[in-house]
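S.K.: The opening residue of the sequence shown carries number 0 in numbering that gives the first Met the number 0; numbering runs sequentially from there.
Just so you know, not all the hints are guaranteed correct.
DSSO-like cross-link-like pairs, simulated, lysine-lysine; straight-line CA separation at most 27 Å [to be verified]: (1) Lys16 <-> Lys31; (2) Lys41 <-> Lys62; (3) Lys31 <-> Lys41; (4) Lys16 <-> Lys48; (5) Lys31 <-> Lys62.
The set of hints was computed from the structure by calculation and includes no laboratory data. Treat the numbers as computed from the prediction; the structure is a model and nothing was measured.
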Amino acid sequence: MNPQPQKLTSLQLELLKIFSYQPSDEQLLDIKNMLANYFADKATQEMDKLWEEHSWNETTIEKWLSEHLRTPYEPQ
0 MNPQPQKLTS
10 LQLELLKIFS
20 YQPSDEQLLD
30 IKNMLANYFA
40 DKATQEMDKL
50 WEEHSWNETT
60 IEKWLSEHLR
70 TPYEPQ
């Protein structure tokens with residue numbers, strides 16, 4: 000079974016337009032930083048929403064820090 004080629008997203012198409020102008024290394028770094036900041040802000044907004052929805056607080060964090068979620072090692 001051959002996978003179908005995927006179409007480029009709107010974001011990918013817009014980035015291709017930008018790179019057709021051959022941005023300088025400094026401009027490229029600025030673009031990368033803007034994208035990183037954008038997605039970091041989105042992740043922060045989602046976490047804020049989760050905190051609000053679940054009424055998490057500092058006590059919640061302290062509880063998480065003391066949890067041991069790993070499966071105990073049992074030699075065979």
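S.K.: Honestly, which of those hints from before does the structure not fit?
M.R.: Structure breaks hints 4, 5.
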